[in-house]
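With these hints in hand, go ahead and build the complete structure from the sequences.
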Amino acid sequence: MAYITCEHLMLRYESLIVQKDLSFTVEQGDYLCIVGENGSGKSTLMKCLLGLKAADGGTMQFGDGLKRNEIGYLPQQSMIQRSFPASVREVVLSGCLNGRAIHPFYTKEEKARAAEQMECLNITQLADRCYRELSGGQQQRVLLARALCATKKLLLLDEPLTGLDPLVATELYSILQHIHDSHGITVIMVTHDVECAVRHAKTILHIGKNESFFGSCAEYEKSAVGQRFLGDSIQPEECAGCAHTHTQSEDEEGRSDA
Amino acid sequence: MHDLSAILTPEYVSVILLPALIAGVAVSLCASLLGVSLVLKRCSMIGDGLSHVGYGTLCIAVALGWAPMKVTIPVVIAAAYILLRLSENSRLGGDTAIALFSTSALALGILASSKANLTTDVSHYMFGSILAMTRGDVIFSVILSICVILVYLLFYDKIFAVTFDENFAQATGLNVRFYNLLIAVLTAVTVVLGMMMMGALLISSLMIFPAVTAMRICKRFRGVVAAAVIISVSCFLFGLFLSLLLDTAVGASVIIMNLLVFAAASLCTALRRKPA
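The listed protein sequences derive, respectively, from chains A and B.
With positions in the first sequence counted from 1, the corresponding number in my numbering is that position plus 1.
With positions in the second sequence counted from 1, the corresponding number in my numbering is that position plus 243.
Hints listed in this document are in silico derivations from the structure and should not be mistaken for laboratory results.
Note that CB positions come from ideal geometry on N, CA and C, so glycine has one too.
Please note that the accuracy of each hint is not assured.
Said to hold, decoys possible - Quick list of the computed label-pair ranges, beta carbon to beta carbon:
hint, chain 1, residue 1, chain 2, residue 2, range
1, A, P105, B, R516, 31 to 41 Å
2, A, F106, B, L351, 37 to 47 Å
3, B, R420, A, E15, 35 to 45 Å
4, A, N123, B, A506, 51 to 61 Å
Claimed, not checked - Some chain B residues close to chain A (C-beta under 8 Å, calculated; not the full set):
hint, residue
5, F411
6, L417
7, V467
Have a look at this one:
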């Protein structure tokens, strides 16, 4: 059984139905990017996956030993209060709360886990700094460390690159790749950056107003919806740090754009 | 200015001043702790709304001859729950819903008290009467304040998580609704206790001022909480002392102290940002 199985999901945004019949699965070890135009229900789907909102129809099942509280989450930057007075350590530690039984304060193990994640993301030297005084990229690493404190299995990211400069975005992609490859963490990311999505993801879920696609990256690039979507916007240099070599079709698209 | 040695007879100190001092410190502590969460969650209005509801209920309780505090606390806790739900679900928007609800409750209370011709009695609670509290009131306030402080400390980490990022907390399995309710209930208790001492008009600023001042000085959540507590308690003590010295209203004097500290802190941060 897969980590997450969604069948015939219906999603509403306020009173508007944005998705009628959406089915997909997320396997253990997957790297899924959810793409689609604005207003197609990407964020609403994310809320459903996170349990912040119930689906308006269809079923969503968690399997393979994954529990609701074993999900790490990296929210959109704009969702966090930028003026909040908190140290990096306090923010990262707050990711440890989910595994907690009844005891009221952080245990040694939880503190060690937070320290380990800060080390992993190279922010140990920032531990006592104030979160609101960090740069966008540093803030994103702090939130990522917090998310990793909350999970060993599945990481959900909601538009993690919004507002970051290209260099920092590239760096974030390589951190994610590392987390995925060496920690064996399954990744689900909502993004509008399709080119980078196809370069890094294993699987693509495209949700559109009229047509949707679910399948591997290679299939997506060949599909009609994928070609249309990729064709509009491909700019290979934007993704200069990507480890993957560009595929034939992408290069062609890039040239025709130039 | 008063000659303090004339007022501060041993009897006055032990019967009136000391109990007021203890209860006031306890409530100031609660108010500052919760104030930090309320300000950061951007729902300072809930404190204000609850004090309106509290005052309204108090008027009704007095008009009907019931014990004011014991009736008001449960009603305000219920109101806190309703206000929270309203601000979550209302199509009007949280602020508007709170304003409508709380002013209606206030109006009902004033209606009841004017029918019963109790206006003089009730107006005590508009401005507070810390030096006129009974021994029973003081003991009750102190016990409840200690409960509020203990619960806050026990759930400190979770309150931080819920205040900092509600969505993340909920997504990772924390019962956010419960903790929001907890904050609202603690706020409700604090508002009622504070209303008896500082007055319905002033209690919400007693919650907000120390938090806002602390946020100007400190950069860590723990630091902000600690600073808010220190500011709140010392402003209360200075305010009380000042009110004895100048024969002014206690609640108002405490708020003015808070205002002065806030102004000083703002000035300091402004100067630090622009070194001459």
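Status of the hints after comparison with the structure:
1. P105/A to R516/B: 31 to 41 Å: The hinted range 31 to 41 Å holds for P105/A and R516/B, with Cβ atoms some 38 Å apart.
2. F106/A to L351/B: 37 to 47 Å: 43 Å, holds
3. R420/B to E15/A: 35 to 45 Å: 21 Å, violated
4. N123/A to A506/B: 51 to 61 Å: 41 Å, violated
5. F411: Holds - the Cβ of F411/B comes within 8 Å of chain A, reaching about 5 Å at its closest.
6. L417: 6 Å, holds
7. V467: Hint holds; V467/B Cβ to chain A Cβ min 5 Å, cut 8 Å.
Taken one by one, the earlier hints fail for this structure at numbers 3, 4, listed in ascending order.
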